[in-house]
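**Student:** Protein chains in written order, with my numbering: chain A, 39 to 153; chain B, 88 to 201.
What the hints contain is simulated information worked out from the structure, not anything from laboratory work.
There is no bait here: all hints are sound.
Capping the alpha-carbon separation at 20 Å, the derived lysine to any residue pairs in SDA-like fashion look like this:
#, chain 1, residue 1, chain 2, residue 2
1, B, Lys196, A, Ala126
2, B, Lys142, A, Glu141
3, B, Lys200, B, Pro128
Short derived list, chain A residues pointing at chain B, Cβ under 7 Å:
#, residue
4, Gln79
5, Gly80
6, Pro81
7, Glu141
8, Gln146
Backbone N, C-alpha and C fix where the C-beta goes; we use that ideal spot for every residue, glycine too.
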Amino acid sequence: GAGVSQSPRYKVAKRGQDVALRCDPISGHVSLFWYQQALGQGPEFLTYFQNEAQLDKSGLPSDRFFAERPEGSVSTLKIQRTQQEDSAVYLCASSLMRATNTEAFFGQGTRLTVV
Amino acid sequence: AQTVTQSQPEMSVQEAETVTLSCTYDTSESNYYLFWYKQPPSRQMILVIRQEAYKQQNATENRFSVNFQKAAKSFSLKISDSQLGDTAMYFCAFSLDSNYQLIWGAGTKLIIKP
Chain A
39 GAGVSQSPRY
49 KVAKRGQDVA
59 LRCDPISGHV
69 SLFWYQQALG
79 QGPEFLTYFQ
89 NEAQLDKSGL
99 PSDRFFAERP
109 EGSVSTLKIQ
119 RTQQEDSAVY
129 LCASSLMRAT
139 NTEAFFGQGT
149 RLTVV
Chain B
88 AQTVTQSQPE
98 MSVQEAETVT
108 LSCTYDTSES
118 NYYLFWYKQP
128 PSRQMILVIR
138 QEAYKQQNAT
148 ENRFSVNFQK
158 AAKSFSLKIS
168 DSQLGDTAMY
178 FCAFSLDSNY
188 QLIWGAGTKL
198 IIKP
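Please build the complete structure, drawing on both the sequences and the hints.
**Tutor:** In structure tokens, the structure reads:
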């Protein structure tokens with residue numbers, strides 16, 4: 039596609055519900071990143087994929103968060119048993135090369151609200 | 088650990104004026120990259136400008152330029168001839184040459200008034 043696509047754009051979940059957030063990166067981009075952006079704050083790193091390999095998941099806040107990219111293209115961020123503190127915008131970015139010193143292209147994010 | 092600080096939560100200027108957004112960072116590394124991103128209400132992060140730490144020359148992109156002071160660990164963004172479309176959140180970000188993740192400041196809300 040022309041850009042990074044994320045779906046859904048908005049998600050309201052009841053506390054305790056499981057959610058799945060999808061990211062379609064730019065075709066051919068090797069690197070894929072997930073960030074969490076709380077209201078009024080800058081994004082915080084969650085996890086990084088190089089093709090299908092998850093090379094860094096140090097930013098995942100708990101074992102309720104799980105990300106995958108099984109075929110090296112589309113990625114899914116899953117949050118189990120959602121809590122109110124999970125409410126945030128989840129941003130996905132992809133880049134052609136391995137490191138972020140080349141341009142990372144961002145999607146429009148998924149705004150998750152846990153009620 | 089690396090940190091990025093943006094000390095101006097909000098700024099407001101008249102259209103066509105020049106505005107400077109501040110950013111300081113902390114790192115013990117000598118090689119790294121610095122970025123300014125723009126985030127409009129659509130939430131999509133858009134790269135404005137990028138600076139490699141090993142380059143002494145300040146980066147410029149049309150109306151956008153940076154003042155990179157490596158010794159002071161300062162990386163400010165200057166927007167000349169500001170336009171209404173520049174209204175957005177602006178984030179300063181940092182990445183290590185050998186690392187993947189971006190480390191972000193808290194952002195500055197920039198409002199351009201007609």
